[in-house]
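Take a look at the letters that make up each chain.
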Amino acid sequence: MPASATGIEVGKAQDGGAFVSLTGALDVRTVGAARRDLVVKLAGVLTEPLSVDASGLDSADVSGMVVLWELANGLVVPGVRATISGLRPELEAILATYPSPDEVEAAISSPAESAGIHSLGRGALSIVADVRAMVEFVGALTSALVAGLRRPRAMRWPEVLRVVEKAGVDAFPLVSFVGLLVGLIIAFEAAQPLKQLGAEVFVADAIGIIVIRELGPLITAIVIAGRSGPALAAELGMMKVNEELSALETMGLDPLRFLVVQRVVAGTLLAPVLTLYSVALGVAGGCIVMGMLGYPFAVTWAHLQGAVHPADLLVGTTKGVVFGTLVAGLACLRGLQAGDGPAAVGEAATSAVVSGIVSVFTADALFAVLTYVLKI
Amino acid sequence: MIRVEDVTIGYGERIVMSGVSFEVRRGEVFVILGGSGCGKSSLLKNLIGLQKPMKGRILVGGRDVAAAEGDERQALLRSFGVMYQSGALFGSLTVHENVRLPLDEFTDLSLRQRDVLAHTRLKMVGLGHAGRRMPSELSGGMKKRAAIARALALDPPLVFLDEPSAGLDPVTSAGLDALILDLARNFGITFVVVTHELLSIFAIADRCVMLDASRKTLVAEGKPRTLADSSEDQAVLRFFRREAEGAQTDRSQPK
Ligand SMILES: Nc1ncnc2c1ncn2[C@@H]1O[C@H](COP(=O)(O)OP(=O)(O)OP(=O)(O)O)[C@@H](O)[C@H]1O
Ligand SMILES: [Mg+2]
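From first to last, the protein sequence lines are chains A and B. Per our numbering, the very first residue in the first sequence carries number 1; after that it's consecutive. Per our numbering, the very first residue in the second sequence carries number 1; after that it's consecutive.
No lab work stands behind these hints: they were computed from the structure. Given the structure is predicted, the values throughout are model-derived calculations rather than measurements. C-beta: ideal position from N, C-alpha, C; glycine also. Hints may be right or wrong, so weigh each one.
To be verified - DEER-style ranges, computed between Cβ atoms:
1. ASP233/B <-> LEU149/A: 39 to 47 Å
2. GLU165/A <-> LYS223/B: 55 to 63 Å
3. GLY167/B <-> LEU125/A: 34 to 42 Å
4. GLY167/B <-> MET251/A: 17 to 25 Å
Unchecked claim - A few chain B residues that don't get close to chain A, going by computed Cβ distances all over 12 Å:
5. GLY10
6. PHE22
7. LEU59
8. SER92
9. ARG114
10. ALA153
11. ALA174
12. PHE187
13. ASP206
So here's chain A without its partners, still in its complex pose:
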């Protein structure tokens, strides 16, 4: 491309105003410099009226015309509208398609987003709407689940398996890591105060109860909510954005029955398994610490057996089932609620994590009350 510059000559016109004559190239590469040059050259010149002769331009393009547009609309020398002559017909036509300044203004200005109090109010409203959506979703999901379980052949088990596999593989390394560390940490922390009481050996008891009933299920659920939940939400959100969900509906297939039920069942099946696994690792971590403190494994094991009841394992596993269902269900809901456009997929994934974690802790609190009342 020849990168010739724009020639700009400014002089006095016979009518007492100024004239500008343009030569050379006025295109996307040169127009910025030409504009600056023009302002410099016009400074201090008596510019009313201003006429521009463009007949000397060898090459010009659509972008280049922007300077002429500014000249003609009185935007280079404020308030002075130039008359432009000598433009080739095709450039004349381009200049004619340029909008008026007001038109541009109107086309791009958007009503400012009201922030602050308004968004707080909107937030409160949206929580109400959100809870409503959740309740409706639970209702619809339950009926779809029941329908699915009644006709197991329509359940699409391969899909369930695929999701279990995918989500399981996704979460496995993290669950392993966190599970083991939780056991180690709890054991170390509990060892200090118990040692002062001369009851160091009861670390095993503490580990058993805390990890199996409380932290194992909770940590596992958080990992699933953080790792597998957003993946589920993003998958469904992507399908929504790509209109795959609409396609399903027009085929007469309910997305809930066709996609969501499988994922929720997968979550329900996967979470307790991962919970038991992480509990086992947590207890193992505790045993390692006990070993380091000088207690033989047999002693630790005896304490564990004495402290942990089958009911504890039952509570832990039940929590796993409930948490898994919640996390998977909410992730699917967020996916289905995704708005339009690619950004919506990311938002769906994020809100899946948030609502997953919130719901898990809420459920855990309810569990605490329930087990206390029922004395399990």
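Add chain B with the ligands to chain A, keeping to what the hints say.
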């Protein structure tokens, strides 16, 4: 402007087409034809340099597209305007911002100038009213037109359009053809256009090439009128006469 020399294109092991050679001249509107899935978009990707040919060379303005690296590649890519088949508008920007983006990034114009230019481009494709909307709020045809506006934003000397008129009504499509012709004739912009619309082909194409999926290569090159009237090739004739595959051939014969 563009020289394609004995090029083979494929993905992994699978060859999509081979032995493709042709030339695009400066300032002409060059159309790539062919059935769905024959590799038109893939060929375009190679011309732009997003994908390297498995064999052969593609020269744009005398430079090997696949071999260009670093600043040279940047400069080369910047001289292209490209509209992808799917539009590829950025979902997080408004339509206006999408069109203004290349100007924001690659020019030193003031915001007002960039706004005016972006809006003018949108007006040219008939979307002057839609600048404030998000891409997800546009129809399929509107997305295409917005993408064309973006492709033209920097007045590139070479413009690639992948099925610009697919999904457009005849009137809008004719408007687009007129725009392409105007830019090619009056501003010397070279266009490489993939299209299936016969009306459009006859309206805009100076020359065209036709690809064929079954033979995996280029089967015809020339002026559309000449090809339609006097091509010897059955596939080419079928295309221009809008005949279904196999309608003329004997179906009883085993392949
Ligand atoms: N990313 C990819 N990986 C593997 N194969 C691909 C890929 N993209 C395209 N193909 C294959 O290359 C061939 C040509 O595809 P291409 O998209 O170029 O076709 P096309 O001529 O543009 O079709 P259409 O008119 O439908 O857009 C097809 O067989 C397709 O399956
Ligand atoms: Mg294509």
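Evaluated hints:
1. ASP233/B <-> LEU149/A: 39 to 47 Å: 60 Å, violated
2. GLU165/A <-> LYS223/B: 55 to 63 Å: 57 Å, holds
3. GLY167/B <-> LEU125/A: 34 to 42 Å: This hint holds: roughly 38 Å between Cβ atoms.
4. GLY167/B <-> MET251/A: 17 to 25 Å: The hinted range 17 to 25 Å holds for GLY167/B and MET251/A, with Cβ atoms some 22 Å apart.
5. GLY10: 27 Å, holds
6. PHE22: 23 Å, holds
7. LEU59: 16 Å, holds
8. SER92: 5 Å, violated
9. ARG114: Non-interface label fails for ARG114/B: nearest chain A Cβ at 9 Å, not farther than 12 Å.
10. ALA153: 8 Å, violated
11. ALA174: 17 Å, holds
12. PHE187: PHE187/B not clear of chain A: closest Cβ-Cβ about 6 Å, inside 12 Å.
13. ASP206: Holds: least Cβ distance 18 Å, greater than 12 Å.
The structure fails to meet hints 1, 8, 9, 10 and 12 from the earlier list, while all remaining hints are met.
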